[in-house]
Amino acid sequence: MTVSLEGITKSFLGVPVLRGVDLELRAGEVHALVGGNGAGKSTLLKVLAGVHRPDSGRIVVGDKEKTFAAPRDAQAAGIAIIHQEFNLLENRTVAENVFLGREPVRRGQVDRRAMRAETAKLLDWLGEDGIDPAVEVARLSVARKQVVEIVKALSTEATVLAMDEPTAALADHEVELLYDLVRRLRERGIAILYVSHRMREVFDLSQRITVLKDGAFVVCSATEDLTSDQLVRHMVGRPLDALYPERPAEVGEVRLSLRGAGNARVRDLSFDIRAGEIVGLAGLQGSGRSAIARAIWGVEPFTTGVMELDGAPVRVTRPRAAVRKGIGYVTEDRKGEGLALRQSVRDNALLVRRAALRGAVSRRSGDLAALLKSVAVVSRGQHQEVRYLSGGNQQKVVLGKWLAVRPRVLIVDEPTRGIDVGAKQAVYRLLRDLAADGVAILMISSELPELIGMSDRILVMHDGAIAGELPAGASEEAVMGLATGHAIGDVA
Amino acid sequence: MRWRPRLAEGTAPVLVVLALLLVALAFAGSAYSEPAGYLALLKRAAPLVILAIGQYFVIVSGGFDLSVGSLVTAEVVIAARLIDGDDANTAWVIALLLGFGILVGLVNGLITTRLLVPSFIVTLGMLLVLDGAVFLWSGGAPRGALSPSFRVFGRGGVDVPVLGQVPWSVIILLVVLIAAVLFMRGGTGRTLVAVGDNENAVRLAGGRVEALRLLAFVLSGVLAALAAILLAGFAGVSAQVGQGLEFRAITAVVLGGVLLGGGRGSVVAAAAGALSLEALFSLLNLLGVPAALESAVQGVIIIAAVAYANLGGRLRLRKPSPSVP
Amino acid sequence: MSLLQETPSRPRRASSVRARRFTLTPTTTVYLALVALLIIGSVLVAIDGGVLLDQGGILNILTRSTVLGLVAIGQTMVIVTGSLDLSVAYLVGLCSLVAAETMAGSESMMVPGVLLALAVAAVVGLINGLVITVLKAHAFIATLGIALVIKGYLEHTYTGPAGSVPRTFQHLGYDRIGPVPIAALLMLLIGAGAWWYLRRTRPGYHMYAVGGDLEVARLSGVRTGRTIVMAHVLCAVAAGLAGVFLASRLGSGAPYVGTDAGYDLESIAAVVLGGTVLAGGRGGVVGTIGGVLILSTLDTIFDDLAVDPFFKDVVRGVVLIVAVALYARRQLAGQLSGRSA
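Chains as they are written, first to last, in full-length UniProt numbering: chain A, 1 to 492; chain B, 1 to 325; chain C, 1 to 341.
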């Protein structure tokens, strides 16, 4: 079945977000939707999902024009969406989640047995028979929750599946398996809309690509007719010269040093980070990557070994202590842990200074304006609430928050997750400038090209310990080899 | 430097409502043709406004304080019993009352933050405990009496050149309000609002979330004690003095556009909400609406106010920015 | 082949299910606490020279549980859905009046009286639900506002008890089988119905979904508005039943019978005591009835011991806080603690 969106427009309170977008999804085809932040991808997805009603334009399913007043209408038309954020109820079972809103009813009661059996069948089909349909979702790991998401979408007998940044929460080896799954879905004749920021995925998976920019349709082309340079040019409207800034010639003194540090999640960590250096931290999800960050930061402190800051041993047992010692942490969960979304740009940028450091908050907004300018936040003034900013600008505010307290060590966890190419470049430059100012940076990322492009050297985690160290410019294969603990090809 | 008045989201409507009510009062009653009438209104409203300011701190940081009504009753009963009509006791009893308010706030705050019990439940439990304990102690009915020097704060005033006699309660109210505004403009106040918005972000920014929450409950407790002192002076001793005040204070705060659940709203608006509520009662009174119907009108008004803030206000106040990469 | 490189899941699968069955859920905790309370209470009362669980004692506990139980069953549905109803106390009074005044002592008007009272309750619940879903008012404010409107009406119209129920109707309030009042059985029956509705029917599933995460439920195609309105209507009807029962017991309608007993906050206390999470999405009727039984057993024990009535409130408050603190602790233990002490 073919689903097409024709001439879709949508404005919010007079601000146009979509201006006449066309999109055609064909059975058995993966159609990639790309564009910078604010290009209108999520809005278009929500129109398809029946969350938003377009101001004008048509939605045609098969040969019938449809109006989606609510998500259930889109569902009834065979359209399923896998949203970027998990849409699961933590306190309900896997089966209850999969059939949420469509529970089978038998003799006036929900047919719980059928629900469980059907869920188990779908899980088996995916090769995920390790997940018990009767277990509460809260007890599953993040990656397993995504499997449940996919099963939930499949169970609707969907003929059109839209996936919004499906790999955002996955580690690299899991991405391969997701690819496999997407290909299988395609072979079964499902039309797939694949929204992603990651070039590689787009080229690996899709047969056609549609580019949006500022809410307008730019181009739709067969994937094989596009090069990645052309695609980037379509997205940003200009060629992207050197994405990653140059590395400095030399680095300074040791800032942060770990000697045999460990806790319940990581063990025997010994490494240094010097002033002016960006050290990359690679590893699969669950390898202890983020656990290192959270240990240094005092959320789950080290229980063994020594941590030294500028040569002096320190004990950090809570974030407050970390901040006061000059350690900053840009969390991977921007909305959940990074920002107070209803507060202004100003209040967020000053959050660390006010929360952790007594007094000494400058009353002059000039100071802050300079800071926000230096991180290139585009907003309608300091008093705008951050929830109205794009993801990229929000991330810049998070960085600004730390810049405002001039940290000596900065840990950045997935600093470019969910932000577009232009904003990524700005974040890269900012990190490099910070390093040049003498900050020691530990950078965690699942995107290997980014990690390799930015790091002066790369530490690779495997199973809670450091599996090895690679110099700048190491190959992706080398990183993956260490991260998986065996040679490439064995991953699955 | 250009100064532009900047109102927190949701503040403007309550100020408009308040202004309209005050103007309406001037038309409805001759008492409001001169400042004295409004001063009397302020005097009447002072305890509720002070309670609302205390409640504001708790609500904006993401909690509820249901115990303030019982706390007010408890304070008044304690005051009457301990003072027993003797002026000599006034000073230490006032100190003790404020101390008791702080203590109740501390207990509320500590249980909420340390034992992770939702504040709704904690303060509901505290409400029951206070209700029971005070009467257990006083034997079922208020005993003793207040002293004249105690009642002066609620009833008396000082002569001010232009305005004539200004009630003590109005002066106390102004001091509390100004202090609250300054507090909320400072770093601690802003961080308190951020706690109500996203406590994880504040904790990871190195903020002391628990300490801030605790502070909010303590402020609510001590301001409830202050309100009780004014109310006792104004209205005298009764076992019903605080009944329903917790809901009235929460209503006032919400009327001021403060978001239940925390993270948004200004303390001035909360105070204006409380004053609007009192002005509304005065107006209904002047218009001859039976006292029994007052609560019905109040009910309709708060629903209308919240509905307006959510539906009508959104159209003009919330605009997405053009997002720029 | 597994998408996720996680440690062997097969063995864990079986054990995790079994482990879950034997864990102390809040519901089992409540009933264990109830049993403990009955034992301790019996001992204390025995030392005092009485018997707690004699015919009178059981009757006492169950009678006390009936009204609060009805209100709390309704409140459970609302709280599970992530909402709250503060209007139930005034609604109980209003419905007792509607029932008693409609009957006006006549036996032929019994059924119309009950139906009218329940219809009034349903309309109030409908209004509560619509104010929350259509006007987007926070449930706390919406139901508080409606409570105030009912209060104003009651204060304006009534000065004291009004209407009267026929003698026959009083059987509902006083008849019993052995030590078990008929009304308590009816309450338990309604509780069972509510349990079935929440745990076995689609609308019930959707209540948990809406309470668990409104946005997730909406995106999954659940009609969230309808679910919230339904919960409020059912809650109000349960409160209406409580009013009807009180009319039968008192022989007339009484405007403040609900507020004097504080059924608004008391019912929320019972629900939370029963292990339902105030934020919604978790808990249920079984726990709530346990919570109600604990509260009325406490009352009965104190009566038997002739403890000062004000002391009861103090104990109630402490029990409530301690219970929820225990649940919070258990829940925390189940999660990974990201906080340093």
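Since the hints were derived computationally from the structure, they do not count as laboratory data.
Hints may be right or wrong, so weigh each one.
Computed from the model, here is a short list of chain B residues facing chain C with C-beta under 7 Å [said to hold, decoys possible]:
no.	residue
1	Ala95
2	Leu98
3	Val129
4	Ser238
5	Gly244
6	Val254
Where a beta carbon is used, it is the ideal one built from N, C-alpha and C, also for glycine.
Hints, verified against the model:
1. Ala95: Violated, about 25 Å.
2. Leu98: violated, 23 Å
3. Val129: Holds: closest Cβ of chain C sits about 4 Å from Val129 (chain B), inside 7 Å.
4. Ser238: violated, 17 Å
5. Gly244: Violated - the Cβ of Gly244 (chain B) stays beyond 7 Å from chain C, reaching only about 9 Å at its closest.
6. Val254: holds, 5 Å
Hint compliance for this structure: hints 1, 2, 4, 5 are not met, and every other hint is.
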